[in-house]
Amino acid sequence: MKFAVITFPGSNCDHDAIFATGNCLGEQVVNLWHKDETIPEDIDCVIIPGGFSYGDYLRCGAIARFSPIMKAVANFANNGGLVIGICNGFQILTEAGLLPGVLLRNTNMKFICKDTWLRVENSNTPFTNATQKNALLRIPIAHGEGNYFADPETIERLEANGQVVFRYADEHGNITSEANPNGSINNIAGIINERGNVLGMMPHPERYADKLLGCDDGLAIFRSIVQYINSYKR
Amino acid sequence: MKKFKSEIKITLREGILDVQGKTVENALHSMGLQTITHIRIGKFVTTEIEAENYDGAYEIIDKACKQLIANPIMEDYTIELKEL
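As given, the protein sequences belong to chains P and L, one line each in that order. Every letter in the first sequence is one number past the one before it in our numbering, and letter 158, counting from 1, is 158. Every letter in the second sequence is one number past the one before it in our numbering, and letter 81, counting from 1, is 81.
What the hints contain is simulated information worked out from the structure, not anything from laboratory work. Here the structure is a predicted model, which is why all the values come from computation and not from measurement. Honestly, I wouldn't trust all of these hints.
When the alpha-carbon atoms are kept at most 30 Å apart in a straight line, the in silico BS3-like pairs for lysine-lysine are as follows [unchecked claim]: (1) L/Lys66 - P/Lys35; (2) P/Lys211 - P/Lys35; (3) L/Lys43 - L/Lys63; (4) L/Lys9 - P/Lys110; (5) P/Lys71 - P/Lys35; (6) L/Lys43 - L/Lys5; (7) L/Lys22 - P/Lys114; (8) L/Lys2 - L/Lys43; (9) L/Lys43 - P/Lys71; (10) L/Lys2 - P/Lys110; (11) L/Lys63 - P/Lys35; (12) L/Lys43 - P/Lys110; (13) P/Lys110 - L/Lys5; (14) P/Lys71 - L/Lys82; (15) P/Lys71 - L/Lys2; (16) P/Lys211 - P/Lys133.
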């Protein structure tokens with residue numbers, strides 16, 4: 001299969017995403033510039049990486065949404081293509097309206113860079129099928145605005161539809177307020193859209209893609225995507 | 001065409017905890033200024049705009065706020081418009 005990683009001015013996790021998919025999984029991956037206007041036809045999954053696109057001016061992700069490539073990303077997603085937004089990529093997807101809700105300032109006002117435990121809430125998605133429901137993944141976060149917020153009706157809908165894919169948990173898998181690093185409603189760390197082909201998550205799976213870097217729990221997500229695409233193509 | 005100046009005030013929506021405001025409030029209280037409460041911190045944006053009339057200018061600024069300058073999921077905004 002083939003991944004595409006989009007680089008915006010200020011992206012800084014694009015090469016980690018290329019490393020995770022290309023070097024660690026040995027899949028094909030291309031790098032697209034935000035001024036590109038099309039996504040090549042052979043791309044199976046678009047990764048919108050973390051960073052500080054446009055210096056986080058105005059609001060995180062608010063300006064990147066207007067980059068030429070984003071129209072192509074919206075079309076790609078509307079046609080059922082897989083899109084994963086990580087950290088700033090998640091913020092961009094909410095600003096672009098491809099995912100509901102918004103990421104507010106962390107409740108403790110701090111930029112938080114540390115490992116978190118994620119509990120897989122739904123393993124029946126293209127992004128989590130190589131995991132089990134309730135599995136725990138150790139994945140680091142690095143953000144100042146990761147406090148997921150949406151109106152109560154949206155939250156209710158996300159929960160009812162199984163669109164909450166990851167929650168911050170403690171090391172035993174308990175969902176507690178102490179394990180919630182940023183104040184996200186219901187400890188939400190990652191969600192998918194209703195159709196199930198667009199994932200946004202604040203933690204960085206691409207940073208834990210090689211045991212030499214301390215942990216490779218993040219590979220489970222990219223491996224799931226590969227598994228999904230390969231089973232689909234066969 | 002007439003020229004207007006707009007002043008846009010953006011704050012977090014009522015009901016959303018403004019952690020920045022809360023932190024400043026706590027600092028003010030530690031200074032002894034306990035009578036100051038309910039601090040909300042926001043953004044202030046000014047623009048100039050050309051339009052046929054007040055309503056036309058307001059409509060464009062409102063569209064700009066809805067689509068970019070504010071995020072209605074988390075922010076409220078008010079627009080003041082004056083002819084230059």
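Going through the hints against the structure:
1. Of the supplied pair hints, the one linking L/Lys66 and P/Lys35 holds, its CA atoms being roughly 24 Å apart against a limit of 30 Å.
2. Note on P/Lys211 and P/Lys35: the hinted pairing is violated, with a Cα-Cα distance of about 34 Å set against a maximum of 30 Å.
3. Distance restraint check for L/Lys43 and L/Lys63: the Cα-Cα separation of roughly 17 Å lies within the 30 Å cut-off, and the hinted pair is therefore satisfied.
4. With a CA separation close to 25 Å, the supplied pair L/Lys9 and P/Lys110 stays within the 30 Å bound.
5. With a C-alpha separation of about 11 Å, the suggested pair P/Lys71 and P/Lys35 falls inside the 30 Å cut-off, and the hint holds.
6. Proximity of L/Lys43 to L/Lys5 is assessed by CA-CA distance (about 17 Å); at most 30 Å being required, the pair is judged to hold.
7. Taking the CA atoms of L/Lys22 and P/Lys114, the gap is about 25 Å. The hint holds against a cut of 30 Å.
8. Using a Cα cut-off of 30 Å, the hinted pair L/Lys2 and L/Lys43 holds, with the two alpha carbons roughly 26 Å apart.
9. Restraint check: the Cα-Cα separation between L/Lys43 and P/Lys71 comes to about 28 Å, which is no more than 30 Å; the hinted pair holds.
10. For the hint linking L/Lys2 to P/Lys110, the alpha-carbon distance of about 45 Å lies beyond 30 Å, and the restraint is violated.
11. With a C-alpha separation of about 25 Å, the suggested pairing of L/Lys63 with P/Lys35 holds against the 30 Å cut-off.
12. A hinted pair counts as satisfied when its Cα atoms are at most 30 Å apart, and L/Lys43 with P/Lys110 qualifies at roughly 20 Å.
13. At most 30 Å may separate the alpha-carbon atoms for a hinted pair to count; P/Lys110 and L/Lys5 exceed this at roughly 36 Å.
14. Taking the CA atoms of P/Lys71 and L/Lys82, the gap is near 35 Å; set against the 30 Å cutoff, the hint is violated.
15. Proposed proximity of P/Lys71 and L/Lys2 is contradicted: the alpha carbons are some 34 Å apart, above 30 Å.
16. At most 30 Å may separate the alpha-carbon atoms for a hinted pair to count; P/Lys211 and P/Lys133 meet this at roughly 23 Å.
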